[in-house]
Amino acid sequence: MTTSTPYISRRSRASEADLIAEDLAVEFDDNAGDATETRDDHPFTQQTPVIRTVKPENVCLVVDDASMTYRVRSSSDKHESSGRIARGIKRVTGAGWAEVHALSSLSFIVNRGESVGVIGTNGSGKSTLMKLLTGKVRPTSGEVYATSTPVMLGVNAALVKEISGRENIRLGCLAMGLSPEQTAAKYDQIVEISGLSDALEMPLKTYSSGMSSRLQFAIATSVDPDILLIDEALNTGDAQFRARTKERLDEVRSNAGCVFLVSHSLGTIKQMCTRVIWIEQGEMLADGDPQWVCDQYEEYTSHKANGRMRAAKVVYERTRLRLDRMQIDFTTGTRPKKAGTGRNR
Amino acid sequence: MAAPALERADETPEPGERGRVAQLDGTGLIRVGARPRLFGYIREIWSFRHFLYYDSHSRVASANSYDSLGRVWMILNPMFMGCAYFFIFGLLLQTGRGIDNFIGYLIIGVFTFRFFTTAVSGGSNAIAGNQKVVQAFNFPRACLVISTTVRELFSSLPMFFVMALLVLTIGDMKLDGAASIPTALSWHWLLFFPCIGLALMVMLGWSLALARAVNAHNDVKHVIGFGTRILFYTSAVFFSPERWSNIGADWLVTVMNLNPLFCVLDIIRHAWLYDGFADPARWIVLASWAVGSLLIGFLIFWQGEESYGKER
Numbered sequence: 001m002t003t004s005t006p007y008i009s010r011r012s013r014a015s016e017a018d019l020i021a022e023d024l025a026v027e028f029d030d031n032a033g034d035a036t037e038t039r040d041d042h043p044f045t046q047q048t049p050v051i052r053t054v055k056p057e058n059v060c061l062v063v064d065d066a067s068m069t070y071r072v073r074s075s076s077d078k079h080e081s082s083g084r085i086a087r088g089i090k091r092v093t094g095a096g097w098a099e100v101h102a103l104s105s106l107s108f109i110v111n112r113g114e115s116v117g118v119i120g121t122n123g124s125g126k127s128t129l130m131k132l133l134t135g136k137v138r139p140t141s142g143e144v145y146a147t148s149t150p151v152m153l154g155v156n157a158a159l160v161k162e163i164s165g166r167e168n169i170r171l172g173c174l175a176m177g178l179s180p181e182q183t184a185a186k187y188d189q190i191v192e193i194s195g196l197s198d199a200l201e202m203p204l205k206t207y208s209s210g211m212s213s214r215l216q217f218a219i220a221t222s223v224d225p226d227i228l229l230i231d232e233a234l235n236t237g238d239a240q241f242r243a244r245t246k247e248r249l250d251e252v253r254s255n256a257g258c259v260f261l262v263s264h265s266l267g268t269i270k271q272m273c274t275r276v277i278w279i280e281q282g283e284m285l286a287d288g289d290p291q292w293v294c295d296q297y298e299e300y301t302s303h304k305a306n307g308r309m310r311a312a313k314v315v316y317e318r319t320r321l322r323l324d325r326m327q328i329d330f331t332t333g334t335r336p337k338k339a340g341t342g343r344n345r
Numbered sequence: 001m002a003a004p005a006l007e008r009a010d011e012t013p014e015p016g017e018r019g020r021v022a023q024l025d026g027t028g029l030i031r032v033g034a035r036p037r038l039f040g041y042i043r044e045i046w047s048f049r050h051f052l053y054y055d056s057h058s059r060v061a062s063a064n065s066y067d068s069l070g071r072v073w074m075i076l077n078p079m080f081m082g083c084a085y086f087f088i089f090g091l092l093l094q095t096g097r098g099i100d101n102f103i104g105y106l107i108i109g110v111f112t113f114r115f116f117t118t119a120v121s122g123g124s125n126a127i128a129g130n131q132k133v134v135q136a137f138n139f140p141r142a143c144l145v146i147s148t149t150v151r152e153l154f155s156s157l158p159m160f161f162v163m164a165l166l167v168l169t170i171g172d173m174k175l176d177g178a179a180s181i182p183t184a185l186s187w188h189w190l191l192f193f194p195c196i197g198l199a200l201m202v203m204l205g206w207s208l209a210l211a212r213a214v215n216a217h218n219d220v221k222h223v224i225g226f227g228t229r230i231l232f233y234t235s236a237v238f239f240s241p242e243r244w245s246n247i248g249a250d251w252l253v254t255v256m257n258l259n260p261l262f263c264v265l266d267i268i269r270h271a272w273l274y275d276g277f278a279d280p281a282r283w284i285v286l287a288s289w290a291v292g293s294l295l296i297g298f299l300i301f302w303q304g305e306e307s308y309g310k311e312r
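So the sequence lines, in the order shown, correspond to chains A and B.
Residue numbering for the first sequence follows my numbering, starting at 1 and increasing by one per position.
Residue numbering for the second sequence follows my numbering, starting at 1 and increasing by one per position.
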């Protein structure tokens, strides 16, 4: 079953599409009215590119044909290297290199004022996309461009276990590029959001996991980035803390130029986002209206949860057909090369 | 705009693919994660100087927080090492024969060698061992390596103080087969500071280059351990370089004279134990190493700036 492999190559996808052509035909009869209604100016057979000029002042973030393949050390035999020499080396050293295709090439543009939700099942490539967006990892092919370096609000904000909470707050603020004066000014706000004023003098190793994630959240949200990435796992903790953080999160969101929200909660996505990107098996499946994309996703996951792999596949292919693929073309000589700074406001 | 159309046509047409092209002017955009130009990079590091200072400072304070004796180990460690080396090399193997003030000679050798190698091996692990910090923030990565070296300097200050005390009190103890020259404080002792300054530049340069290498290939760590041993035996930590010329290996003496760590030890020993100046050649060699390794190490590190976020 193809769904059990993490990545499907282009070729096998095409043959899969042929195989289930009949299923699709049935499916499309259902959607025929809908499809012609909204898309009758773009019949499926049309291949000529539609060139659209984008206003540069609206653009916040551009992902241009970015793909990601990880090379990792692996001792498993599943990813067997093809070359004889490579296999020989692997036998001697005990581990070879395995290639993991995390994300196949995708392109999109996000404009100022948009809130983009990112959904997908576990291991579909959401985190990889976030890493590419923040520039921690350079894509294998393609590039990511933005007006400023995007900032990720995640639970992985680094904290040093041996030093106290107070020192961690200072260290975190300085690491985000705040000046000592700005750090001092934000200090009270951070303490208030974390709600840990009693434990601040203790070293961090004495904190419970809930306490340290509260501190991480408070430090991470002390800046107002222009492009903001929010991790689903960020808003954890008890009810009292969640209520307090929601306020701050809304504030940061309203100050940001554009927001990405990675979440498994479709309710949150539909409520907060103006646009949703669905990534599945390392491929962008849909990019558009939250309601529609979430409906497709829900149908897909419920089929998968009940073991109806063929039906899930149909939803997968049907959604992919509707995807309006785009290609980025920079006006001659304006492809960005500049570097951003790590400093925050 | 014929080119994209042609490109599309060459590919197997996938169902539903309509080749929409968005054209835009990228003048106002940056490439996310791009490496700044050299001077921009230096300016970035400067703007993160507070982080750098605070990071090294806070980690010094917490360095030995898991030991019950805490910071005392920073002094106990080299002292025990000195005792062990004195027992083996001074008493059993008698490598100290013919060296005046051998106890002081050994103390300066062991303490300074330890300072040098812990800083370099710590610095070389600064990126690979701090992946969490690298993943979470966007500061220029060289800050981490610089902060490790600065931290090592901070944490070695009490150790250097103890070293000076020991040299003053027991450094001139009389041993068999060698003369004893009384040690006393003089302005020559101040030569220690420019000498350690140059040594720091060498250490930082090496750390920067090694940090990139270790992050790219973890295997380099094993080689560093090996290199440390080689450095130990070619820096005259517990014997005198004349030993080599006595057995006719003059080329080894040349190697030692070009070894920056040997230059550091020789300068400090002459200043502290024998109340005088070392050969000016030591200063020239050390200064060239300092400038050369800092420059080359920094360029090597900066060149790999985009590769440090990659997990291994």
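Hints were generated in silico from the structure; no laboratory data involved.
Worth double-checking, as some hints may not be accurate.
One-sided and incomplete, this derived list gives chain B residues near chain A with beta-carbon spacing under 8 Å [what the hints assert, rightly or not]: (1) R20; (2) V21; (3) A34; (4) E242.
Glycine included, C-beta positions come from ideal geometry on N, C-alpha and C.
Results for each hint:
Because the beta carbon of R20/B sits about 4 Å from the nearest beta carbon in chain A, less than 8 Å, this interface hint is met. Given hint, V21/B at the interface with chain A, holds; its Cβ is 5 Å from that chain's nearest Cβ, closer than 8 Å. Interface hint status for A34/B: upheld, as the beta-carbon distance to the closest one in chain A is roughly 4 Å, under 8 Å. Here the hint on E242/B is broken, as its CB sits about 45 Å from the closest CB of chain A, past 8 Å.
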